[in-house]
Amino acid sequence: MIGANQRFPPPGDVALVTMSTNLGRMTGYLGSYAVLGLLLLAGALVFVGAFGANRLLRPANPAEPAGKRVAYESGIDPVGGNWAQMQIRYYVYAFLYVLFAVESVFLFPWAVVFADPGYGAAVVAEMGIFVAVLALGIVYAWRKGVLTWS
Amino acid sequence: MAGVNNFPFLSILTLGPLVGAAVVACIPKAKGNLAKIVALAVSLVMLVLSVFMWVAFQVGGDAQRFQFRESYPWIPGLGVNFTFAADGIALVMLMLIAVLVPLVILASWHDAEQSRRSVPVYFALLLSLEACMFGVFAAADVFLFYVFFEVMLVPMYFIIGSYGTAKRQYAAVKFFLYSLVGGLFMLAAVIGLWVVGGKTFDWVALTQIDIQTGTERWLFLGFFIAFAIKAPFFPFHTWLPDAGGAAPAGAAALLVGVLDKVGTFGILRYCLPLFPEASQWFAPWAIALALIGIIYAALLAVGQNDLKRLVSYTSIAHFGFIGIGIFAFTTQAGTGAVLYMLNHGLATGLLFLVVGMFVARRGSALVSDFGGAGKLVPVLAGVLFFAGLASLALPGTAPFVSEFLVLIGVFTVNKTVAVIATLGIILAAAYVLWMVQRTTQGTLNPALADIEPMRKDITLREKVVVAPLIALLIVLGFYPKPVTDVINPAVEATMQQDMGKQDPAPTGGGVTEASR
Amino acid sequence: MEDLNLPPIDYAALSPILILFGVACLGVLVEAFAPRRARHPVQLVLAIGGSVAALVMVVLERNTRVVTIGDAVAIDGPSLFLQGAILLLGIVSLLLIGERSLEAGGPFVAQAALTVGSEKDNRQAQGAPGNTEIYPLAVFALSGMLLFVAANDLLTMFIALEVLSLPLYLLCALARRKRLLSQEAALKYFLLGSYASAFFLFGVALLYGYAGGVNLQQINEAVAASQNSDILLYAGLALLAIGLLFKVAAAPFHVWTPDVYQGAPTPVTAFMAACTKVAGFGALLRVLYVAFEGVQWDYQPVIGTIAVLTMIVGSVLAVTQQDIKRLLAYSSIANAGYLLVGVVAQNREGVSSTLFYLVAYGFTVLAAFGVVSLVRDADGEATHLSRWAGLGRRSPLLAAIFTFLMLAFAGIPLTSGFISKFVVFGAAIDGGQSWLVVAGVVTSMIIAFPYLRVIVMMWLSEPAETTPTVSVPGWMTSAAVFIGVLATLALGVVPSPLLDLTNDASLFVR
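Protein chains in written order, with this note's numbering: chain A, 1 to 150; chain B, 1001 to 1516; chain C, 2001 to 2510.
Hints are not guaranteed to be accurate.
[Claimed, not checked] Straight-line distance between alpha carbons at most 30 Å, and here's what the computed DSSO-like set of lysine-lysine pairs gives: (1) B:Lys-1456 <-> B:Lys-1375; (2) B:Lys-1501 <-> B:Lys-1481; (3) B:Lys-1456 <-> B:Lys-1031; (4) C:Lys-2188 <-> C:Lys-2120; (5) A:Lys-68 <-> C:Lys-2188; (6) A:Lys-68 <-> C:Lys-2178; (7) B:Lys-1167 <-> B:Lys-1031; (8) C:Lys-2178 <-> C:Lys-2188; (9) A:Lys-144 <-> C:Lys-2178.
Treat the hints as calculated values from the structure; they're not laboratory data.
Values in this document were obtained by computation on a predicted structure and should not be read as measured data.
Just chain A, with the same shape it has in the complex (with noise of 0.2 Å):
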């Protein structure tokens, strides 16, 4: 684990990979989460220290017009139950997304090794297939009207 953090030291912050190395001596199995833990921890920190501070420096009689605790400009407008019911076509738009968004997921280690030696033909024409069958799916949702909005 330490090993791991000599091999890549972050540019110009030795200070820090020593001190990991040094509460991974601590700690043993977990100090390289240190590094993790102080910077939780940093963030903490400024994030309380900027708020406090806030509340320290603001007036202390906020005025109360009539609107302020509503959502902020282009919200939507707070009304009416919690179950909104959303356009059904938000989920067909969603299921669209994921069928390509899962396809480039296989493109993309697909693409570092098709020209490789051993490959080539068969399997471009293989991808072509995959591709074409989740083609199929947007097609078959293009002919049923999906992507026209009325």
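Using the hints provided, position chains B and C relative to the given structure of chain A.
The following block gives chains B and C in isolation, referenced to the frame of chain A:
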């Protein structure tokens, strides 16, 4: 003789009624009479055929135990064959079926019309039942036997359920479930036997194998429960009075006369030879059940007010006699038991048919609805009286010979059992005579005289039905030799070869003479 | 970097799966481009034609024994047999699905998204031509099943499981009548099915941790030699088994079955009861026999207990049912129990008897649901048992057929039900599992009662005023019922050919 002996009697007997049933079922509803005639003709052909078979069956000397053997492969993967063969015991039962079915068809000539259901279907069911009954007694392959044993339920179920009297639904379902329960126990045992016996179903091969004592007892139990339900023995008997009471009279005659014999036949053919040690181990229990059955059923029969239920209870008592005859393990008692199976079929069949004639006239099976009926229908009342006497095993009628043989045979090995069983004879006299008295004797029930059909004495058709049975009962009562000659070698082989039992020294020469 | 070698692919052996998959994709295109009126005939011909072509390929490849495409798929005796069985049963189911003459527009809804009970919905129920997407969906499910029974590693098996399950979830929701029931069924099936899939996947993960691979052979070797903790193995196997037992409707993972069988359109129920069961048991057999043979003594009692539980639950609850579809659902649960008896036998007879049982049961259940789809009144199918009273008087032929099927379910000789129970129980006794046979026999007695009650209803009860009419079946339903009844009879009277076939097909390749 060899040529005749190779004639495929058994497969024709099994297939013939089946083909007949298919033909009858195809006859349109409106032509009920045609269906009846065809059914009768088919059953008569089977009767003729089985008479030929009886004649061809070799008796005495070096005659084989199993004759008319036929074997065709069916499911080679499971070692199943269509194997038919008949020994003396099976032959007697096959004859009984062949005789009873035409009479039953004749006796139920008008039964189906009353129920507003299809007439051809009724007779088709009767014929398919005949096919199954032939098959179950002719099978020499355990799997084949099981198939017929189970399939037999289906036509009987529909006969009771569709053509029976008031409580027919309940009775039919009860009959089916009881039999199926027994059948499934047997299925487990059949499969077990198959695995233990090296994947064969051949009866002869299975009698040769050695089974571990524990396994053997379980397998015996599986078969025995099925047969005890079928027979039925106490305490598995409760379905029979319901089924017998609800079935149409003809079908009830077949049910009690033949179908239930499958149970006792099964014990003789399967339980004893296949599991000799277990049979001996369980024999005291079986005898105890049989004894309880004799006394208990007889007592219940005395108290019955329904004629058909009464006859059913008498049968349960008689099955007790057959049971002790079988489990005494002597040739004499065994021969008596098999003879009893035949004679009981004839006597109780007759009794059921006659009761059916009374019920058809009166429209009720309750004893209390009759009374003094003899004044209106003297001949019919006479027939009922005769059937009753045969049923209580009066000397001179066939059942006497068999009951006597059973008691003598049992007496040589266990006196107590024989003495207790004798009590059953006394009770039999009580229930039969009381029944006859309450229905046909005494003052005339005034309600009876108003019923038009009650004034009509026995018709020609009914005479034709009862005459052969009465004749057989009397002839076999005086001269049972032709039948015992057939039965004796088979029973002897069962007891001595399969069971390894030696008969005790005969106590009196006269008895053995009577049986030969 | 070491060279990656492409795994050799035996396209011929895979062709049934590929054909069905291609046909399903084509079906989607037909849906997109064919004019509305032509869709139904085109889709039907395409689906049945594709299945027949796949079946022909299975028959041509019958002697192939190969592990191909990087050890992901094993084409061997059991998988070819099961693929053939699934395709045969699938073709018969497609006949039921394709029936359009029983009610205007067919048994499927025209637009599944319409709100139930709305005016538009009522209008479509009156006879708008039904949805034709069912065909590609069914074919996708079929192709998933073909892959499921042949999958040789757990990940392929999982993918196949999803490919077969997702279309089924959708198909369940597409009933034209009783749409709320249908949608409830689909949602239930989907939610519980997803849980089961998650269990399956979790099991795969644990087994990967145990064996260092998901290939069935790898797991088999690891079972024999691995140093890893056995807890991983047992937990993994248990979770995997839950996923599979859910699909075959074994207790206690059966709760979805009655609701789904009742709610789904009857042809789809028939399809699930016949084909999904075959696929599920095929995969279960392969996993247990190929991967976990080494620990069979450990899981045998567990699966045996599940078998007993399944038989008891199925048979006892069947007794109280008032709806014919629910009754058949519980009967299917009980049958899953009997099938498990064959699976637990752990010998070659166990495999062959299970294969036989699957085919025999599939045909019987298809015919039974085919008959159910014919008994109708104004509200669609009349499935309440009391409505069947006196059916034997109104339409004796149909009642006779159903009686025969009920007797087959009850295991009366001369029906396929008897032979299949016989071989399964025989294998179990051979494998030293007599206690399962005793349980099987006892539950057979219990479940005979509900079957008998249906027979009593049809024949012995007087017809009520409202006895539903029996629709005249179109040729497709007639053909499906006829094939089912014929197979039930033939496998009961001359079972030898199929018995020999299952015997030859009962060896897995490794």
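Consistency of the hints with the structure:
For the proposed pair Lys-1456 of chain B and Lys-1375 of chain B, the alpha carbon gap of about 11 Å is at most 30 Å, so the pair holds. This hinted pair checks out: Lys-1501 of chain B and Lys-1481 of chain B have alpha carbons roughly 24 Å apart, not beyond 30 Å. With a CA separation close to 27 Å, the supplied pair Lys-1456 of chain B and Lys-1031 of chain B stays within the 30 Å bound. Simply put, Lys-2188 of chain C and Lys-2120 of chain C have alpha-carbon atoms about 25 Å apart, close enough for the 30 Å limit, and the pair holds.
For the suggested pair Lys-68 of chain A and Lys-2188 of chain C, the alpha carbons sit about 45 Å apart, so the restraint of at most 30 Å is broken. The hinted pair formed by Lys-68 of chain A and Lys-2178 of chain C fails the criterion: a straight-line CA distance of about 51 Å is larger than 30 Å. A C-alpha spacing of about 29 Å is found between Lys-1167 of chain B and Lys-1031 of chain B, which places the hinted pair at or below 30 Å, so the restraint holds. For the given pair, Lys-2178 of chain C sits about 16 Å from Lys-2188 of chain C by alpha-carbon distance, which is consistent with the 30 Å threshold.
For the given pair, Lys-144 of chain A sits about 26 Å from Lys-2178 of chain C by alpha-carbon distance, which is consistent with the 30 Å threshold.
Figure legend: structure checked against the earlier numbered hints; hints not met, in rising order: 5, 6.
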